[in-house]
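Novice: Under the working numbering, the sequence shown has 265 at position 56, and the numbering climbs by one with no breaks.
Hints may contain errors.
[To be verified] The list that follows gives simulated cross-link-like pairs (lysine-lysine, PhoX-like), each with its CA atoms no further than 25 Å apart:
(1) Lys428 / Lys444
(2) Lys428 / Lys391
(3) Lys391 / Lys361
(4) Lys444 / Lys361
(5) Lys361 / Lys428
(6) Lys444 / Lys431
The set of hints was computed from the structure by calculation and includes no laboratory data.
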Amino acid sequence: MHSVQPDISGTSHVETDGLEYRAISVLALFALVLAVASVLAFAHPALWVMPLASVAVSLMALRRIAENPHRMLGRGIAIVSLLLALLLGAAAISRSAVSIARTRQEARLITDAWFDAVLHSRLETALELMQETGSRQSAGDDVVAHYRDDPKAAAALRSFAAMPLVRALRTVDGSATVRYLKTEEEVTLIVSERVTSLWAVTFERDGQPTTFLVRVLLKRHKKAPRLVNFWDIEKAFFVERPPAWL
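Could you put together the complete structure from these sequences and hints?
Specialist: Rendered as structure tokens:
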């Protein structure tokens, strides 16, 4: 008969083969936080850094986990963070690109209308486009009568007609062409958007084509609807020195 000798050492032996503690990657968790915060990228281009940072941290986390597969968890979290950051970043950039294109198109349309009005001696209409939208005559009003009968409006129209650029545009041949060249600057402020664009006016003088450049500054209040007629032309003036890129 075999006797069993008890273990009196006071310790117990537990088989742990195949079982090893693995910690969740801190980088993967941080990448997830940045990915969720990437929704802020829709607010301003400066915040596009959020999805970019999330992508970078996600890739770092995936590399660390791949190097230490038996010690780290979180590969799934890192992949989700990477995909979410890429999705939100791409959506924010696309939305901004569409908004910029729309803003420039609206600014071009209102500037085209202004040039057309001046070239065809509809100075009342051109001057209205330089007024803030809230102070313009309504669509049903007789704009010509307003600038003829109101002393203050009539004085403003005379000053507008005396501007060097307006006088020059009125004296060029009726076949003059106006070409949009470039949007030089676009600024988004807290309450308004501003666009600066460059235009070329070409006409014939003594049988030879002659061109002068015009810089136009426009403004739109952010609270106004996204419509062409809610842009105001702040200034339009000759460009004495062509820009280096022209």
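Novice: If a hint holds in the structure, say so; if it does not, say that too.
Specialist: Status of each hint after checking the structure:
At roughly 10 Å between alpha-carbon atoms, lysine 428 and lysine 444 fall within 25 Å of each other, so this suggested pair holds. At roughly 17 Å between alpha-carbon atoms, lysine 428 and lysine 391 fall within 25 Å of each other, so this suggested pair holds. Between the alpha carbons of lysine 391 and lysine 361 the distance comes to roughly 35 Å, so the proposed pair goes past 25 Å and is violated. Our distance criterion of 25 Å between C-alpha atoms is met by lysine 444 and lysine 361, whose separation comes to about 20 Å.
Pair hint lysine 361 plus lysine 428 holds up; C-alpha atoms about 24 Å apart against a cutoff of 25 Å. Between the alpha carbons of lysine 444 and lysine 431 the distance comes to roughly 19 Å, so the proposed pair stays at or under 25 Å and holds.
The structure is inconsistent with hint 3 alone, although it conforms to all the rest.
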